[in-house]
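Construct the entire structure; sequences and hints are all you get.
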Amino acid sequence: MLLRIAHDTRYRYAQAIEGAQHIVHLKPPRTPWQQVLSHQLVFDPPPDSHAERIDAFGNHQEWLALQTPHRHFSVSAQAQVRTLPPQPAPSTIGWEAARDSLTYRAGATYDDAAGMVFPSPHIACHADFVAYAQPSFRPGRPLIAAACDLMQRMHGDFRYRSASTSIDTPARESLARREGVCQDFAHVLIACLRSLGLAARYVSGYLLTQPPPGQPRLIGADASHAWVQVYLPDLRYPEGFADTLFVTAREAEADHKTTHTVARLGAWYDLCPTNARHGWGTPGEDYVRVAVGRDFSDVSPVRGILFGAAEHSLDVAVTVEPIEEGL
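The sequence shown lines up with residues 76 to 402 when you count with our numbering.
These are calculated hints, taken from the structure and not from any lab test. No residue lacks a Cβ here, since even glycine has one placed at the ideal position from N, Cα and C. There could be a bad hint or two in this list.
[Stated by the list, open to error] Just the calculated beta-carbon pair ranges, DEER-fashion:
1. Arg213 x His145: 29 to 35 Å
2. Gln90 x Ala172: 56 to 62 Å
3. Gly215 x Pro165: 16 to 22 Å
4. Pro165 x Ala140: 46 to 52 Å
5. Asp224 x His145: 49 to 55 Å
6. Gln90 x Ser372: 49 to 55 Å
7. Pro210 x Ala384: 44 to 50 Å
8. Arg378 x Gln142: 17 to 23 Å
9. Glu396 x Ala172: 39 to 45 Å
10. Pro160 x Ala189: 25 to 31 Å
11. Pro288 x Ala238: 34 to 40 Å
12. His230 x Val205: 17 to 23 Å
13. Asp187 x Pro287: 40 to 46 Å
14. Met76 x Ser239: 27 to 33 Å
Here it is as structure tokens:
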């Protein structure tokens, strides 16, 4: 599937601020299931300093500083991305074995996915999450089957309710209320998995939505999306499978080199509790991945610090639309 993405962010200040620094995560990565054909970022006003780098999680990150007074700031991101559908994962490892494989053992190779077992700024491990997840994680059950069952239960138990939460809503509160938005559902699912000792991470990106029958697609009416990846330590490409992908996992990793020197022994499996969709590599070909991290705080599309800060407003417009091949 070929998709066009436009993501516009605009800050307006009640009075001129003295300066600002921003960190931006808006460039999709190249992955085995995702080919980035073009990408452009435009800043207004242009920053006085600007640097591109790969962050600790392998994401494309832009750092910029504005050192002159300004009353507005906007970021416009445009991308064209070709995607592939997900694949079933040939993994049969039990969830307890997956948990135990991430436990420290003297002399054993340390898997960097183990860093996604621990609490993070927006996600705490707690017995409440264990209690909710436990019915899905029966002894000896394969990890994929257990994780997908938990995801399906969340999809049935939780109600999607726009504007019912904020960025800072704790995952335990979302679990208790059984409502929220995609970010909340992702945080709850990650908290459940980590509370069981499993590695799970937050994924930010986009999802192609369909307008109601007979209605036109509205420009700017979409939004960023969030879902989850759980780590499967035994997942490997079967023979010949890599030939069906855009690039191999090794080639994709080379695009996102970090300072890590430890090994990654398995692979990540995608789970979208908002839509009850899952798959190896992506929940669906209508999904576009942008960044991964411990929780939302690691992958916020645009965040920053304002100097001489005044009251401000924020407007975000996202459009995801399909492109007919050959046009």
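Cross-check of the supplied hints:
For Arg213 and His145, the Cβ-Cβ distance of about 57 Å falls outside the hinted range of 29 to 35 Å, so the restraint is violated. A hinted range of 56 to 62 Å holds for the C-beta pair Gln90 and Ala172, which are about 59 Å apart. One distance hint, 16 to 22 Å for the beta-carbon pair Gly215 and Pro165, holds here, with the actual separation near 18 Å. At roughly 47 Å, the beta carbons of Pro165 and Ala140 sit within the given window of 46 to 52 Å.
Under the hint 49 to 55 Å, the C-beta atoms of Asp224 and His145, about 51 Å apart, fit the expected range. Checked against the hint of 49 to 55 Å, the pair Gln90 and Ser372 fails, with Cβ atoms roughly 28 Å apart. Range check, Pro210 to Ala384: about 47 Å between beta-carbon atoms, so the 44 to 50 Å window is met. Checking the proposed 17 to 23 Å range against Arg378 and Gln142 shows it holds: the Cβ atoms sit about 18 Å from each other.
Taking 39 to 45 Å as the suggested C-beta distance range, the pair Glu396 and Ala172 conforms, at roughly 43 Å. About 30 Å separates the C-beta atoms of Pro160 and Ala189, a value consistent with the hinted range of 25 to 31 Å. Restraint check, Pro288 to Ala238: a C-beta distance of roughly 26 Å breaks the suggested window 34 to 40 Å. Remark: the range hint 17 to 23 Å for His230 to Val205 is upheld by a beta-carbon distance near 20 Å.
Our hint of 40 to 46 Å for Asp187 and Pro287 holds, since their Cβ atoms are close to 44 Å apart. For the pair Met76 and Ser239, the supplied restraint of 27 to 33 Å holds, since their beta-carbon distance comes to about 31 Å.
In this structure, the hints that do not hold are numbers 1, 6, 11, in rising order.
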